[in-house]
Structure formats: structure tokens, C-alpha cells
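J.: Line by line, the protein sequences are chains Y and P. Residue numbers for the first sequence follow full-length UniProt numbering, so the first one is 1 and each next one is one higher. Residue numbers for the second sequence follow full-length UniProt numbering, so the first one is 1 and each next one is one higher.
What the hints contain is simulated information worked out from the structure, not anything from laboratory work. Note that the structure is a prediction, hence the values are computed from the model and not measured. Mixed in with the good hints there might be a few duds.
In silico EDC-like cross-links for lysine to aspartate or glutamate, where the CA-CA straight-line distance does not exceed 20 angstroms [as the list claims (entries may be wrong)]: (1) P:K16 x Y:D118; (2) Y:K95 x P:D71; (3) Y:K74 x Y:D118; (4) Y:K188 x Y:D279; (5) P:K244 x Y:E66; (6) Y:K122 x P:D71; (7) P:K16 x P:D71; (8) Y:K286 x Y:E269; (9) Y:K25 x Y:E63; (10) P:K2 x Y:E92; (11) P:K16 x Y:E92; (12) Y:K271 x Y:E223; (13) Y:K286 x Y:E211; (14) Y:K120 x P:D71; (15) P:K84 x Y:E66.
Short derived list, chain Y residues pointing at chain P, Cβ under 10 angstroms [as the list claims (entries may be wrong)]: (16) S5; (17) N6; (18) G12; (19) R13; (20) K52; (21) G55; (22) V56; (23) T58; (24) N60; (25) S70; (26) L78; (27) I84; (28) A137.
Glycine is no exception: its CB is placed at the ideal position from the N, C-alpha and C atoms.
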Amino acid sequence: MLELSNVNTFIGRRKIINNVSFTVKDGSVVGLIGPNGAGKTTIMKTILGLTKFTGVITLNGKEITENNHSPLTKVGALIEHPAIYPFLTGLENLKLYSSNKIDMMNIVEQLKMNAYIDLKAKGYSLGMKQKLGIAIALLNKPRLVILDEPMNGLDIEATILVRKIIKQYSSSGTSFLISSHILGELEKVMTAVVLISDGRVITNCSIEEFEKINNQQYQLYTENMPKTLQSLNDYNINFSQSSNHIVVSRGALSSIQKILYQNNILLLELKLQQPSFEDLVVTSLKNHRGSQDEK
Amino acid sequence: MKNNLIQELYKLIHQKMTLYGAICLLLLMNYVAITNSNTKSIISQGFGSGQWITIIVITISSNFLAMEYRDNTIITLMYKNRNKWQIYFSKFVVLILYTLFLVILGFVFTLIIKVLIIGNRYSWDQQTLLIELLLNMLGTVIYSFFIISLELLLISFVKVNAAVIGIGLAIGFFGASISNVLLSVFSNLNRIIAWNPLNMINIMNQLSHPNYSQFTKLTNNQFVIGNIIYTTLFLAIGYFIFKKRRV
Chain Y
1 MLELSNVNTF IGRRKIINNV SFTVKDGSVV GLIGPNGAGK TTIMKTILGL TKFTGVITLN
61 GKEITENNHS PLTKVGALIE HPAIYPFLTG LENLKLYSSN KIDMMNIVEQ LKMNAYIDLK
121 AKGYSLGMKQ KLGIAIALLN KPRLVILDEP MNGLDIEATI LVRKIIKQYS SSGTSFLISS
181 HILGELEKVM TAVVLISDGR VITNCSIEEF EKINNQQYQL YTENMPKTLQ SLNDYNINFS
241 QSSNHIVVSR GALSSIQKIL YQNNILLLEL KLQQPSFEDL VVTSLKNHRG SQDEK
Chain P
1 MKNNLIQELY KLIHQKMTLY GAICLLLLMN YVAITNSNTK SIISQGFGSG QWITIIVITI
61 SSNFLAMEYR DNTIITLMYK NRNKWQIYFS KFVVLILYTL FLVILGFVFT LIIKVLIIGN
121 RYSWDQQTLL IELLLNMLGT VIYSFFIISL ELLLISFVKV NAAVIGIGLA IGFFGASISN
181 VLLSVFSNLN RIIAWNPLNM INIMNQLSHP NYSQFTKLTN NQFVIGNIIY TTLFLAIGYF
241 IFKKRRV
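Just chain Y, with the same shape it has in the complex (with noise of 0.2 angstroms):
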């Protein structure tokens, strides 16, 4: 199990990293998310000791240091650009950290790289390098595997393979911690969700509950749209527009309807809006900020 404590991370005297704790379970696939600039990347590389923190990070009770990378040799990651030395071919790159032949010819058959594998790196093509990134980040057995962007340049097979892969490897006790833009296709694999906006960890939870906390709002039809709309603002009401709808709080359900009673409004409907995982993302990476302006 891998352990973040009050992790502060500095570039030069800048912190980047504030405050973060989070935990990553034993065959947990955790979905590292937050905008450009948020900090996934320097997070990611602060847990395999590569820049200078303040805190405790601990992998399987071992304490992680800038110095001391013992507790990293089951650690495999693929961070920003697959790191592959273009002179050598795939299957070269994965010799030179591989201590396990049978397993690095099993995951060369599993990502489907036998057909390119004995050329020289550099003619790969975007797609191909990344798979070999990830296949390099497999190697040896991992407990935990960290992925920044994995499913970069590859295709729709390959992006399906690798999710096939991950779940196949969380299955049997490996730990994942993964950050994607593309959500749509890290909520089909993880299991947990840390969001993370200027350097802060601002949701923490399995992606049940992130499901359940963040699935609050409502669609709302009434005969006379217009008179609601009218209503609604002359009480102040927060709401936003959807097509013919109008989507509001779970909270403010109640004064909305004795607004609607005591306007003559009837009601036509009211439902529970389902939105995808992106807008579920995007709602609570808004009221985080509506929260910090406030302060």
C-alpha cells in the first residue's frame, strides 16, 4: 500500500504540492485527476523520489526519501514521455530492466508488440513507443504501477488492451495510480479518485461516493418556463439552463417548490440528471473554485 502524509513538494523554493495525503490499496486503481498545471505529474514523481519534499511517503510501510529509492524496486512507472533509448530496439529497452525473461516476452504477447518489437526504437511510431513505455512499467512483477497519460497516441484496440491489461494486473494485487484527460476511459478502470487543483488534494474517496456526493442536481420542467425562470431569480435562486430544462441543486429543491406554489407554477417535471464522469469532474473542480474565491 502506498501512503502520501502531508506531502509539500518545492521547485526551487516554490511549493507546487500542498499538503497532500492520500492512500493507494493493494489492487486499487486510483484515478489521479485535475487540470493542466494542478500538479499530477510533480505528484507522480515525488512518490518515486525524484524531487525534493517535505512529509512521508511510505510504500509497503517503507519510507520513500529523495535518497533512498529501496522501497521502489517494484515500482514500475511510465511519467510524461515513454522513457526509451531510440538506439536500442523494444525488446533491448526491456532487457535492460528486466529480471524476469518469460514475464517481458508475457507482456510483449499481452500488448501485441511481437511484430515490431526486434526494431530499433526509433522508428516507432507515437503509439507504438507508448505501448513499450507501459510494457517497460510492467516489467518484473510491480505492486504498484504509476501511469501519467498512458493512453497518449495509442488507438482504440490498444486503449481497450491496456485497460484490459490494468485490470488484469489490479485483479491479481498490483495498485494503479493513473492520471488521463481522457476521464471517460479512466472511470471504466478505477476504483478510487483523488482530484487535485492547485496543488491540493480537493476530493479523496472511492469513485462511488465521488458518484454519490457530486450527483446532486436536478432537471426541472414547468407549463410556464419563462414566469419559473422570472421567479427563480427574483429569490436568488442558482440555476443553470439546459435546452428546455433548467438543472438546480438537490438543496434547493424545497424553496424552489413553494416558489412554484406560491407563483401559480404547476410542475411537469422533475428528475435526477445523470451526468457523465467528466461533468461530475468539471462541477467539482468549479465549486472548488467558487469556494476559494469566496474565501
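With chain Y held as given, fit chain P onto it using these hints.
T.: Showing chain P alone in chain Y's frame:
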């Protein structure tokens, strides 16, 4: 550490630059043999192999570290290793091994070129010729410690491969001349100025000709000590910068 050395050796062997370096050495030695009036001195210098090996090593050394940043492999290298010193030092050791390989190759090429181009004009039986050649080769090896540690330091600091190669070549080509000028201009400070880093390249010629010390102002032993001290210093500073460099 053993694993690091194996990995670095694996990378070096699989780079085309390594082979090109050896081919260049052969071509340049041939060029010297063909275009010069072949004197005993040219043979004892291994047809210029010392200077060619230095240039080849300068070119390869900075790239050997720079490639890790260029290809983003530094991240894997860093987190998979227990400490950063092992990465830095193993690169240094492997580059020294490559220099030794080039020196041995240079020695063998010298024997072959002499047979093919010069024939029996200067005999190896004149033991001094062989000893001079071996001492010059030894000088090249000792100076390679200095230049490789300096190149690794510079690439950690400057980060631009072309600039580092340029600085290395400038030291290789003009270092000795600049040092000689300094020694003649500040003749009253010779005892101190003689220890300047630019003077260290003179070890390559002086081991076989100790009388050169009247110009370089250092004895052979002092040159060996100077090169070792600078190597240690460059390694320490270079490692410190490498350790602090952001990945």
C-alpha cells in the same frame, strides 16, 4: 553498482557512436601516417592516436549523459536506482573503459600501420620507441580521467551537448597553448600557475619525455597527482550538480 555498470556498458555497446569512434580513430591515424613525413616521433605518438582518442572521448562523453535527459530515460534511471551516485559514477567508469578500448585499438592500429606504411625504417627493437609509445598511451588514459570527469560536469551544468563538446574541444586544442602563454607571462608565479587545469593535457606527451617539464613546470609525478586531484574535484562538483538537477 554492478547492475549499473552492466546497463551502461550495454547502452554504450549498442550505440553506433561507439563503433564510429573506433572507425574514426583508424581513419585519422591513417591520415596522419599518409600525410606526414613519418618520423620516429609520429610513431611514438601512435600516429596522433592520443589527440584523436581525446577528441572522440569528448564527443561521446557528454552525449552519454545528455541522451538520458533528451530521451526522458533519466526518470527511469533515477527511480530504479537506490542512489544517484551509482548512475553518475557508472557512466564515468564505462567511459574510462571505452577509452581503454580505444587506446588498445590505437596501439594495435599503430603496429599495423607501421608495418603497412613505414615498414622496417624504425625498428621496435629500439626499445625506446615501444616504451615511448606505451608511455604516451598511458598519458592518454590518465588524461581521459580528467577530460571525462570535466565533460560530465559540464553537461550536468550547461545542459547543451554542442556547447559542452565545443568547450571540451577548445580545451583539447588550445588548452596547452593557453597554459604555456600563462606560464611565460607570469613566470614569477610558475609554481602556482603550473597547476592550472589547462596544463594537465601535457601529461600526454611528457610521460615519454620528462625533459618537457622545463616548459610545463611540472614533473611527471606532479602531473599524475594533478590529473587525479582535478578528476576527483570534477567528479564531486559534477555529481553535486547532477544530483540537484531537476528531472
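J.: Now, for every hint given, state plainly whether the structure supports it.
T.: Hint by hint, here is what the structure shows:
1. P:K16 x Y:D118: The hint holds at about 17 angstroms.
2. Y:K95 x P:D71: Status holds; Cα separation ~17 angstroms.
3. Y:K74 x Y:D118: violated (26 angstroms)
4. Y:K188 x Y:D279: The hint holds at about 15 angstroms.
5. P:K244 x Y:E66: holds (11 angstroms)
6. Y:K122 x P:D71: Since the Cα atoms of K122 (chain Y) and D71 (chain P) sit roughly 10 angstroms apart, the hinted pair holds (cutoff 20 angstroms).
7. P:K16 x P:D71: holds (16 angstroms)
8. Y:K286 x Y:E269: violated (27 angstroms)
9. Y:K25 x Y:E63: OK: K25 (chain Y) and E63 (chain Y) at ~16 angstroms, within 20 angstroms.
10. P:K2 x Y:E92: It holds: about 19 angstroms lies between the C-alpha atoms, which stays within 20 angstroms.
11. P:K16 x Y:E92: Holds - the C-alpha atoms of E92 (chain Y) and K16 (chain P) are around 15 angstroms apart, at most 20 angstroms.
12. Y:K271 x Y:E223: Holds. K271 (chain Y) to E223 (chain Y) sits at ~15 angstroms (cutoff 20 angstroms).
13. Y:K286 x Y:E211: holds (16 angstroms)
14. Y:K120 x P:D71: This hinted pair holds, its Cα atoms lying about 14 angstroms apart.
15. P:K84 x Y:E66: Within the cut-off at roughly 10 angstroms; holds.
16. S5: violated (20 angstroms)
17. N6: For N6 (chain Y), the interface hint is violated, since the closest Cβ of chain P sits about 22 angstroms away, which is over 10 angstroms.
18. G12: Since the shortest Cβ distance to chain P is 9 angstroms, the answer is holds.
19. R13: violated (13 angstroms)
20. K52: holds (9 angstroms)
21. G55: Violated. Min distance 18 angstroms.
22. V56: This interface hint is violated because 18 angstroms lies over the 10 angstroms limit.
23. T58: Hint on T58 (chain Y): violated, closest Cβ of chain P at ~16 angstroms, above 10 angstroms.
24. N60: violated (16 angstroms)
25. S70: holds (5 angstroms)
26. L78: At about 9 angstroms, which falls below the 10 angstroms cut-off, the nearest Cβ of chain P leaves the hint on L78 (chain Y) intact, so it holds.
27. I84: Because about 6 angstroms separates I84 (chain Y) from the closest Cβ in chain P, which is inside the 10 angstroms limit, the hint holds.
28. A137: holds (9 angstroms)
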